[in-house]
Amino acid sequence: MLKFVKHNLETISGVEIYPILSLLIFFIFFVMLYTWTMTYKREKINELSNIPFSDEADENNTNS
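Take 0 as the starting number for the sequence shown in numbering that gives the first Met the number 0 and just add one per residue.
Keep in mind the hints are simulated off the structure, nothing from the lab. Please note: incorrect hints may appear among the correct ones.
[To be verified] Ranges of calculated distance between the beta carbons of each label pair, as one might list FRET restraints:
| id | residue 1 | residue 2 | range |
| --- | --- | --- | --- |
| 1 | Phe28 | Leu1 | 23 to 31 Å |
| 2 | Tyr39 | Asn7 | 27 to 35 Å |
| 3 | Ile11 | Lys43 | 41 to 49 Å |
| 4 | Phe3 | Leu23 | 36 to 44 Å |
| 5 | Ser48 | Tyr17 | 52 to 60 Å |
| 6 | Val4 | Leu32 | 50 to 58 Å |
| 7 | Ile44 | Leu20 | 31 to 39 Å |
| 8 | Trp35 | Gly13 | 29 to 37 Å |
| 9 | Lys5 | Val30 | 30 to 38 Å |
| 10 | Phe28 | Asn49 | 27 to 35 Å |
| 11 | Lys5 | Tyr39 | 41 to 49 Å |
C-beta atoms are modelled at their ideal positions from N, C-alpha and C, and glycine is treated no differently.
The whole structure should be built from the sequences, with the hints applied where relevant.
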């Protein structure tokens, strides 16, 4: 099966750039994701992590 794909890819000119571009996009995406998570404010993370608990508290207050 691989020999059929390999033969078709050999006929395309400039095909060797696609694996390099794929790796580069993959690497840049995860570096940006890592940078975004490391620079996120601690207060905002705490606020977002308490959202499920605040919904339950709001429901209990409105039902009482």
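Between the beta carbons of Trp35 and Gly13, is the distance compatible with 29 to 37 Å?
33 Å Cβ-Cβ, so the 29 to 37 Å window holds.
Verdict for Ile11, Lys43 (Cβ pair) under range 41 to 49 Å
Distance hint for Ile11, Lys43 holds at roughly 47 Å.
Check the following: the C-beta atoms of Lys5 and Val30 are separated by a distance inside 30 to 38 Å.
31 Å, holds
Take a look at whether the Cβ-Cβ distance between Ser48 and Tyr17 falls inside 52 to 60 Å.
40 Å, violated
Could you check the hint for me, namely that Phe28 and Asn49 are 27 to 35 Å apart, CB to CB?
For Asn49 against Phe28, whose Cβ atoms are near 29 Å apart, the range 27 to 35 Å holds.
Taking the beta carbons of Lys5 and Tyr39, is their distance inside 41 to 49 Å?
The hint (41 to 49 Å, Cβ to Cβ) holds, given that Lys5 and Tyr39 are roughly 44 Å apart.
Just to be sure I understand the hint, the distance between the Cβ atoms of Ile44 and Leu20 should be within 31 to 39 Å; is that true here?
With Cβ atoms ~33 Å apart, the hint holds.
Can you tell me whether the CB distance of Tyr39 to Asn7 sits inside 27 to 35 Å?
Check failed, 44 Å falls outside 27 to 35 Å.
Does the beta carbon distance between Phe28 and Leu1 stay inside 23 to 31 Å, or does it fall outside?
27 Å, holds
For Val4 and Leu32, compare the CB-CB distance with the range 50 to 58 Å and indicate the outcome.
Cβ of Val4 to Cβ of Leu32: about 31 Å, so the range 50 to 58 Å is violated.
Pairwise beta carbon distance, Phe3 to Leu23, judged against the given window 36 to 44 Å
27 Å, violated
The structure fails hints 2, 4, 5 and 6 (numbered hints given earlier, in ascending order).
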